[in-house]
Amino acid sequence: MNTDQSFIVVAISAYIMSTLAFLIYLLSRERWAKLVGIPFAILGCVVQFVELGYRYETSHIWPLTNLYGSLSLFSAMSVAIFIAFAFKYDFWFIGGFVEALAAGFLAYGLTWDEGYLPAVPALQSYWIKIHVPLVVSSYAAFLVAFATALLFLIKYYGERWLARSGTVRSLRAAAATGPSLSSVTVATAALGDQPVVRGYRESEIIEAAAARGDRFALWLATLPSLAKLDIMTYRIIAIGLPLITVGIITGAWWAKEAWGAYWQWDPKETAALFSWIVYASYMHLHTRNAWRGVRCAWLSAFGFLTIIFCYLGVNIWISGLHSYKM
Amino acid sequence: MAALEELWTEFTGLFSNILFAVSLFAVWGLLTLIGVIVDQGKDPSFYVDNYAPALARLVLRLDLNNIYHSTAYVGIIGLILTSLAVCTFKRVIPARLPPLRAVKIERIPLNATVHVHGEESDVRARVESFFRDRGWSVRKRELGGVEWTFADRHNWARRGVLVAHVGFVIIAAGTTLYWWKGFSGQTVVLSGQTVSVARSGAALHLDHFGYQFEPIHTKTGIVYQPIDYVSNLHVAGRDGVFSAQTLRVNAPIDIDDTLYYQDSYGFAAALAVTKDGHPLAGAPTGPLEEGDGFALGETQRSIQYARFVGTIVHEPSGDLGIGADPRPNNPGVVLTIFDGDDVLGSVLVPLGKTLDLGDGYTITPRSFTPFSVIEYRHDPGIPLVGIGAFVLLAGLCISFYLLPARLYVRIEGAGRAWDVGIAATTVKGYDIFEEQFADIVDGLTRTVNPPKRPLDLAPVVV
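As they're listed, the protein sequences go chains A and B.
Taking numbering that gives the first Met the number 0, the leading residue of the first sequence gets 0, the next gets one more, and so forth.
Taking numbering that gives the first Met the number 0, the leading residue of the second sequence gets 0, the next gets one more, and so forth.
Do not rely on the hints blindly, as some may be mistaken.
[To be verified] With a Cα cut of at most 35 Å, we get these calculated DSBU-like pairs of lysine-lysine:
hint : chain 1 : residue 1 : chain 2 : residue 2
1    : B       : Lys41     : A       : Lys128
2    : A       : Lys227    : B       : Lys139
3    : B       : Lys218    : A       : Lys227
4    : A       : Lys227    : B       : Lys41
5    : B       : Lys218    : A       : Lys128
6    : A       : Lys255    : B       : Lys103
[What the hints assert, rightly or not] Computed, partial: chain B to chain A, Cβ under 10 Å:
hint : residue
7    : Leu18
8    : Val21
9    : Phe24
10   : His68
11   : Pro225
12   : Val248
Calculated from the structure, these hints are not laboratory results.
No experiment lies behind these values; they were computed from the predicted model shown.
For every residue, glycine included, the Cβ atom is placed at its ideal position computed from N, Cα and C.
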């Protein structure tokens, strides 16, 4: 095993360890699990960047000229964006999803690793050091947004299931005659704006079912509120959308320099445009109260599927100007 | 007239509706996706040969093989631009700062009350200075006998959407300028040949076309990786003075504000065609480019120079095969023979070898000449497109990263006990501002009710 491969083995192992730790944290809220997951996530991410740097240093070939290199950056950036958001908003719940996807994409990228190949003439441009990292970073942001949307959907449909159980209604009636279920403090903020699931406000469902001792409800109660998950998804997409916009613009500028036209209607360009349309729609719909929440979460999940199609589907299955598999 | 006004109102109402705009986005996205999946710009026979019969008919009848230039696609982009324009004038520009008015603080989801002790004027001053110190723009109004304090932040950012929309308009203007005043095209230059580009008045002489491939050993075998394509040219602009220039991929050359790009390359082949040992009259005398063809004398047959092969290899079976190395080590050509519209077959013929076509006809590939395909484009809209892209990004960043918010503050009470009621509204709902609001309330509570100073106790001497 050479140095290059050793780095990858370390990175994948670190991601697997951090996946397990964050999944335990998600399920149990054990603080130790989070404290184990964080250093492993950082280790994997740092090792990946070191590996990309090492590859460049030893071969003098920019490592993002093939699918392996870009997938490697994709997984590293996904983890980096996740870590940055998690530190800022204490949002480690989604770590299990992000780390698992990062490990999966990195392992898949290895299957495309053909060693050090010099760049074809079309890729011999300073733009490759601007355009590719921007686009890959936008994909990474959308992966993290997908993870938050996934958690939103798990919580939303979990609460729907609890609301359907009927226990809530009886507890709600009991609560009306007894002490209040919730104590309102200064700036309880979004109570009036809370998502309504099957006619009940989120806190009512969780509190009522948790009071009953329902383990699933107790677990749901440990997750951030639906409103917070929705805002988090929005915040991450608000990073990804400008990045993909700059990525498309720099790509168009590069195409102008290489081929003379901003836009060639190449499958990759149009697939990226399709993803851009989906996320631009998300941003427009998120301004509407009726669309915030579950509909936007589904749109975010769909958006990530379009990203995967644009990234891997077009590169691998559809030939065009961007068919840089090897 | 009233009917026209009503129609106009309905039109502007529909086209400024966000859900309508998103519906247009959905159709645009769907058409774009079809264009990604269905091969574009191919010959109709391609779809007949490669797609299921029903699908091929559907593709050809609905013009899906050229979807990006179809009426539907251009139409939907037109509708989106119309929607963008109507929305800009009807919703974005009129969306000024909300008026300063009294509100029911308790009805706004983000609300809190802070109890403060002190003289009224002092309390008001402390509250006002708290918001000013935190960068809020503070205004006061007497409304219904109550003094209200309004604190605003990032109000100018309400124009972010307008800036983004203006960016799109500038990009559209730049691309329109190209359609109006610009031109583009492609020219093929054989080594040693000079071509003129009529629209730009330039002349291009190709001294030499060079290519470099590197055989790289990979896990799956040898890959011949292209490293460089270069056209060594002598070029002249409108002044007619030639100068030496080197043209590479990603490095266009500029002649009189028209840019020239290295597009692709190929090998032209010179074929010797004979009938009963004599040169065939009417057969091409100059080199042919890949895809060129000619009729074979008086017969129904025609010959097409299908492709150049750099390295012909001998298969274990004894047949000739096409090697992976594209460099002309042991070159040859693939000729496709037609009888009318029917393909009779394709033959790989090494350079210098003669192919007997029957009836006394023979064909011999004699030599090959590299040629360069050069793209040219005069685009006066480039600066506008660049400015538009910058403005668009600025608009997106303003819209996404700045949160225009307003705080409504009402101070009520008597004597030395006062309640400071605060409520907040933002352009992006309440949830997104929840944590910041909690911080504000917390900060206000601590600032307007400073902790009492500890007593200065004299040291106790025992």
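B/Lys41 paired with A/Lys128 [C-alpha distance capped at 35 Å]: Holds: B/Lys41 and A/Lys128 sit about 33 Å apart, inside 35 Å.
Hint check, B/Phe24 versus chain A [nearest Cβ-Cβ separation less than 10 Å]: With Cβ-Cβ at 5 Å, under 10 Å, it holds.
Would the stated hint for B/Pro225 survive a check requiring a Cβ distance to chain A of less than 10 Å? Cβ of B/Pro225 sits 5 Å from chain A, so the hint holds.
Let's test the interface hint: is any C-beta of chain A closer than 10 Å to that of B/His68? Cβ of B/His68 sits 9 Å from chain A, so the hint holds.
Next item in the hint list is B/Val21. Is there a CB on chain A closer than 10 Å to its CB? 5 Å, holds
Regarding the pair B/Lys218 and A/Lys128, is the alpha-carbon distance no greater than 35 Å? 26 Å, holds
Holds or violated: A/Lys227 and B/Lys139, Cα atoms, limit 35 Å. At roughly 33 Å apart (the allowed maximum being 35 Å), B/Lys139 and A/Lys227 satisfy the hint.
Once the shortest beta carbon distance from B/Val248 to chain A is found, is it less than 10 Å? 4 Å, holds
Compare the distance between the alpha carbons of B/Lys218 and A/Lys227 with 35 Å, and conclude whether the hinted pair is satisfied. 48 Å, violated
Does A/Lys255 pair with B/Lys103 here, judged by a C-alpha cut-off of 35 Å? 56 Å, violated
Does the interface hint hold: is B/Leu18 within less than 10 Å of chain A, judged Cβ to Cβ? 7 Å, holds
Given the hint that A/Lys227 pairs with B/Lys41, test it: the Cα-Cα distance must not exceed 35 Å. The hint is violated at about 49 Å.
Comparing the model with each earlier hint shows violations of hints 3, 4 and 6; every other hint is respected.
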